[in-house]
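Protein chains in written order, with this note's numbering: chain A, 119 to 590; chain B, 119 to 590; chain C, 119 to 590; chain D, 119 to 590.
Read the hints as simulated data drawn from the structure, not as lab findings.
Any given hint might turn out to be false.
The list treats identical chains as one, so a pair stands whether inside a single copy or across any two.
Calculated pairs, EDC-like style, for lysine to aspartate or glutamate (alpha carbon to alpha carbon, straight line, at most 16 Å) [unchecked claim]:
#1 K174 with E251
#2 K590 with D439
#3 K487 with E462
#4 K258 with E240
Model, not experiment: these values are computed from the prediction.
Here is what each chain is made of, one letter per residue.
Number of protein chains: 4
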Amino acid sequence: MSTIHDFPIFAAGEWIKGNPLPVINPYDGSIVGNAFLADDTVYEMAVIKAKESQTKMALLSSHDKYTALMHIASRLREELETLSLILSREAAKPLKYARAEVQRSIQTFIVAAEESKRLPREYIALDWTPIGEKREGLIKYFPSGIVAGISPFNFPLNLAVHKIAPAIAAGCPIVLKPASSTPLSSLFLAKIIAETALPKGAVSILPMNRDFADRMVTDTRFSLLSFTGSPEVGWPMKNKAGKKKTVLELGGNAAVIISSSVKVEEVIPKCIQGAFAYQGQICIHAQRFFVHEKHMPVFLDMFLEATSRLVIGAPDDDKTDFTCMIDNKNAERVEEWIHQAESEGAEILMRPNRAGNLVHPTVIVNARKGMNVYDEEVFGPVITVTPFSDFDEAVLMVNDSRFGLQAGVFTDSQTEIDKAFHELEVGSVILNDVPTLRFDHMPYGGVKDSGLGREGVKYAMMDMLEPRILVK
Amino acid sequence: MSTIHDFPIFAAGEWIKGNPLPVINPYDGSIVGNAFLADDTVYEMAVIKAKESQTKMALLSSHDKYTALMHIASRLREELETLSLILSREAAKPLKYARAEVQRSIQTFIVAAEESKRLPREYIALDWTPIGEKREGLIKYFPSGIVAGISPFNFPLNLAVHKIAPAIAAGCPIVLKPASSTPLSSLFLAKIIAETALPKGAVSILPMNRDFADRMVTDTRFSLLSFTGSPEVGWPMKNKAGKKKTVLELGGNAAVIISSSVKVEEVIPKCIQGAFAYQGQICIHAQRFFVHEKHMPVFLDMFLEATSRLVIGAPDDDKTDFTCMIDNKNAERVEEWIHQAESEGAEILMRPNRAGNLVHPTVIVNARKGMNVYDEEVFGPVITVTPFSDFDEAVLMVNDSRFGLQAGVFTDSQTEIDKAFHELEVGSVILNDVPTLRFDHMPYGGVKDSGLGREGVKYAMMDMLEPRILVK
Amino acid sequence: MSTIHDFPIFAAGEWIKGNPLPVINPYDGSIVGNAFLADDTVYEMAVIKAKESQTKMALLSSHDKYTALMHIASRLREELETLSLILSREAAKPLKYARAEVQRSIQTFIVAAEESKRLPREYIALDWTPIGEKREGLIKYFPSGIVAGISPFNFPLNLAVHKIAPAIAAGCPIVLKPASSTPLSSLFLAKIIAETALPKGAVSILPMNRDFADRMVTDTRFSLLSFTGSPEVGWPMKNKAGKKKTVLELGGNAAVIISSSVKVEEVIPKCIQGAFAYQGQICIHAQRFFVHEKHMPVFLDMFLEATSRLVIGAPDDDKTDFTCMIDNKNAERVEEWIHQAESEGAEILMRPNRAGNLVHPTVIVNARKGMNVYDEEVFGPVITVTPFSDFDEAVLMVNDSRFGLQAGVFTDSQTEIDKAFHELEVGSVILNDVPTLRFDHMPYGGVKDSGLGREGVKYAMMDMLEPRILVK
Amino acid sequence: MSTIHDFPIFAAGEWIKGNPLPVINPYDGSIVGNAFLADDTVYEMAVIKAKESQTKMALLSSHDKYTALMHIASRLREELETLSLILSREAAKPLKYARAEVQRSIQTFIVAAEESKRLPREYIALDWTPIGEKREGLIKYFPSGIVAGISPFNFPLNLAVHKIAPAIAAGCPIVLKPASSTPLSSLFLAKIIAETALPKGAVSILPMNRDFADRMVTDTRFSLLSFTGSPEVGWPMKNKAGKKKTVLELGGNAAVIISSSVKVEEVIPKCIQGAFAYQGQICIHAQRFFVHEKHMPVFLDMFLEATSRLVIGAPDDDKTDFTCMIDNKNAERVEEWIHQAESEGAEILMRPNRAGNLVHPTVIVNARKGMNVYDEEVFGPVITVTPFSDFDEAVLMVNDSRFGLQAGVFTDSQTEIDKAFHELEVGSVILNDVPTLRFDHMPYGGVKDSGLGREGVKYAMMDMLEPRILVK
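Between the sequences and the hints, there should be enough to build the whole structure, so can you do that?
The following block contains the structure:
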């Protein structure tokens, strides 16, 4: 990619250039591509065309939707390498993780294609009382209107796809605002979407400045706001959304429990990945490790050793395991939080030497409530490790947080599994793996401050659909 | 009932008397019973105990919940006559409709009992991609917290039951505020609930003044606000609700279409009931009639004749078909609206002679957009009748409204049925009956300004439950 | 019950007396009641009336079926003590187990009542290819015809109920042949069924001699043969059944695995019950115990000690744990099998002293393949105990059998649970309990020689229903 | 295709040649390709390898199965033209219908791929009674063993695919015997199957002589016999099948009702296709037309006129609508049946002039019970047309048959639709189309003499799966 490519705005089937938005590789400051910012006019056009395409979208057969979605999946497979490189560079995501993300987006489109043929339909008896004699009810789910999607920088492709693919499958037009720092991969996707026979207006991908996010929230023409991002931005949106529904996919300080019943050496590779994949900039980053006290010394030894072997380098290098954070601002914030923890008594086992936006993998022990690295979403390559003596105690410590997205539990005990599943206040309990695991067709989302509602294709579709019953 | 009975507040298993709230029979001004207003202290106690009972409720077996719910159903059957009289008198509801409401509440509890054993559970393959090899997911739905319920005057028992029964079945404590004008039937129910082994704190029924409604909306201890009432009160609540979910069951100006394919004489009895049952004070009151032009003269003749035969009398008289409205204020409003329609060119076929809160059945032709009786929810014994020449035209007129709750369609044509079901913007299309029909286990709720979400036991339960996945 | 009561044949709503069939208490030889044998004429009448009632049954609303089934459940509750005594005496079943059986029958009817409202219905998109544009499919399940039921002596009430209740719920008439030795409890049930508004012809309960079983198998008027009994009788029926479907609920030599991960003292009470409840005359009698070698000595000690405390006495005595077998013939067979095992090298830890049809609890070690007590269904109070060193080995030994009904596994290891569930060739794996556990709404039935198809109310109903699709 | 290709036997991944079986084009007697007959040795090898691959198949992830099935679908799309020509020639099927069949097979594999990820799984509460406190049940469906498939000549590809694709999706090895007259298209498919990573032994396609069909029926190594063919061959198999399950997809004399409510000119094209597509050699061939008397003259005029415009020619000619039957024997039988009808009073409106195996489209009026063309499955280009005056009468005439596969009903009346759906004794009622319509994912199969069980991918899979419950 010696020449720098333009990635125009994709507004209701039109390719538009506006104010330039050069997209910078956070690792080396090079320009990855030129995007553009949509303005008022473009935004209005996209929303109006979305509204106009609403009936057409609602009337698409499942065959139409399946064909379009499978075409996109198939073309993404062809463009895997190109797109992975763009993604890797715009987001400073190690190439292997970028590839994995594109693979997951392919899967998300396939799942959506299949679910487009399987919209829920119920047919129920209504003769449960004499007044319903001979009556039956047919319940179908109709597209509820147009969707406003706002997606974050960290999975710039797949978290956009988790709004776009279900919207197409549900028959809803969507206007998506990607993160301004990483719009290129979703704009690349737009080119593929444009190849399909979907109505113009079905999908718009509009890089916009922050103000437009608020505007989407209050715009009464949308019937759903689907936001993925930080709790601080997300929650206030809910109470400005007017009559529309709101889905919030926010973050957390996800925990891992390593029970006495497991062999600690077997869990290390997964723990390393949960802790430091994409420099911890993942909603379900494994941030708080709770390790049975008998395992504590071995765990720390092995974990630190494995951490020291991570290859740090350029994101678009095949060998790279770990690279810089998205920007200096975040790197500085993470450094501050580490200092805060240290100053309040925590011990930093691997001392980070921040160099610009490169924050090295950091392991903290003796962290506790009151420290940001323990209480808040660190969204960086920092973990805390806390010993426990009893499984119940570990569960209590995990729950003692305002967040509740996912939790990982390593154990072979059915008793502990039951306890974890029934008592952990989270959206998902991952058995024998880190909380950083997500399958694209599973219900995904948090409780408490971590969010509202679920994504995961068919679960995301449910919020885009409105039931209607025919009482026959 | 020669002596006037006290109906104390039911707060977390305690019977409490506060400021007296005498409940007046709207028909004759007699006192039906003495209720009491909960104050701050009582409210706080109820919410705190609800919170305390949350874990106990969540741990109830389906057997526990089934037993409690079936006990309530069975006892309501025993108390049918007593409770119907109370309900009839407090709400000025003709006794036969009061009995039907109690019967429906029995059914609502039976349905909840059965659904308590059938909480949704999914078990899914996660090995759709190599990374999920050998993995499966178990999705269970856990009670999401405590429910704030606000119920209206018009179905003072069954619309409270539609919040209480699902809450018990879902394992959620509930604090319910009944309408201040008609709290007695739900407080009578409280006595039966108190007989069960449900934890104290599971259910509180607190008559309170209006301010407390706002307080419930913003109280962060609730995880769900379930409101049934008017759009004007309901919608603003949504944006004050903070992080909790909101379900709004509001009203509308429900329509009936009478197609050319039916025999008009066969539809009259149902139309009369849809129009004037409980003096039209029903969310799904059949307000706007669209009649194929060829049927128009016969329809009006037969409808007016049948209307003239309605027996007007005291609510607690077995023979009464029709009685007064809930209060003078509403009767005056309805009268004003009729006058407005007349002054703007509508014709009043049956001229109402309001006497206090008694508004006679009123039939209006030549009503149109711009008149309150056509555009707004009249919530009184007034209907409009509009001819149409083509089924498509009728569908457009029904949809040309800011409301969308239910619609009735009389037709035998499969083509018209398909059109009605796919194009009418409502929550429910009732075939060959008025929109006033509702079965207690069907999904019930509106679109557009008519509401958000669905009730209907298992549908109501879904909003009280939070999914959690165990990734095995 | 000083006078001996008559229990006439229940043939399509008529009460008929035929050749007397005195029913004898196997414990003391007293007459429990007088039943009668149906002859050709009665059989023909029952089948003809069943056929005649087929349309009426098919047209019953779910409300009709629910009401009838709940009436039966409610009346059984009222008659619990009377019916338990009859059952206890006719079957020589300890009273506490007889009561449990009646309780389960009540539950079976309740489940059927609820399922009658929830017949499966699917509504699917058919526009997956262009040729299906705009098409949808409604799949309903219609009663398939009349059911021939044959039920065994050992659960004379509930195993009859597992055919009758689903048949009513599915809308199918049923003709049931109870075991000739224990027809009274099902005929008692018939009196309650006769109180309902079900059409005459819906249910017939006909004690008949063996030849009639064959006749039912080949009678082309039935659309389903549902047989519960021994493999030797059941399997040949399948190939004589003509065009009708066949469900076979047969027996086995169910196994229990006690893994190294459990506390052996905690499993003893359940093991005793699995081994000796109703003298082992249960299809899912825990016959083969596989005990981890480290637990073996303690297990045997505690098990033998607990066995020695079983109270042996008259079936209708409240204190009795254990009593005689159903008849001498079976007692002799069991004795012979024990002798065979002993002569071939097994060790009999508790030596049985048969007295007529009383066979004492018998524990055998060193049993192995080739011995009837290990290979065949012993259907008596005999168990074998075999040590194992490795969980895999235990699974192999369980599977090394021509039967596969249920298996119990005591373990807390998720790894062992997964292995057991995925590898044990049975219909049901019961975790931390004996295989003798059954819930009336779970799918129940065996693989290999243990049967074909599943019962368990809704599962039994599926075989009584025939899908039909409306392609719209 | 100037050279004649060999199509070896596909036995457990091996390509084997045995006794030659030249496959003849029924139209011109040319050789389409050389197949071979499997003998004892080959059959045994295939069954043994199928058995050996059983565990491997059962352990395939859904990803493995999806990948294999989608590969097959994708390769069939590439080979569409080649395969359509082979199919057209071996079966004398007009090329456009041959193409449609290949398209449907592609769709069948896609559906199977998707269903392989969605095997049914249930997770249920077991605490409906106190004895089940804290217990839950997980129900999974495991492959039941190896499948014996026997498929007919008329859809030589897609009716084989309807056994092979579900077997792969369910994880069951399958041994398929195609019709000896038309084995080439399924052997062509075998080449594509061989490209996948499925275990050898997963699929065998063995042309064999008739005796082997009986052998498959009685072979105890199979757990399911899935037969598609004639009732005369199918039904006796059921009672020889031993312990295995049997699915029978047989034929019928499918009916069409044309009600007074439709415009007769609009139904003609579909009726022509239902009557004469593939010369009526289709299980759901529209054989008996029941036409409202008011439509009768116009219907006959238009139908005969449209029939006369059918292009008769060589099967592999793009323009051909109609060609010869599969062989002389069947052509002679059809001719005889026509003569029988005529001799017994029916009127032959289009007189067929049989020339060898070419039987011209034949329309018969005044046919009635007792004539083979009305009572039996004609499986040739012959239809009967019977007037009716009342819809009820038409339903009775349709039902007055020993068959019940599908029925087509042209009407716009909801009343008639309800009657048709609830009263027609068939597997499928097709609204506003001929009974000849089938979608590959819908449940398909007949009642009465038309068969036992259902195919349609997920429905076919259910018979290949065995439920097992884990009681936790």
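So which hints don't hold here, by number, going up? 2
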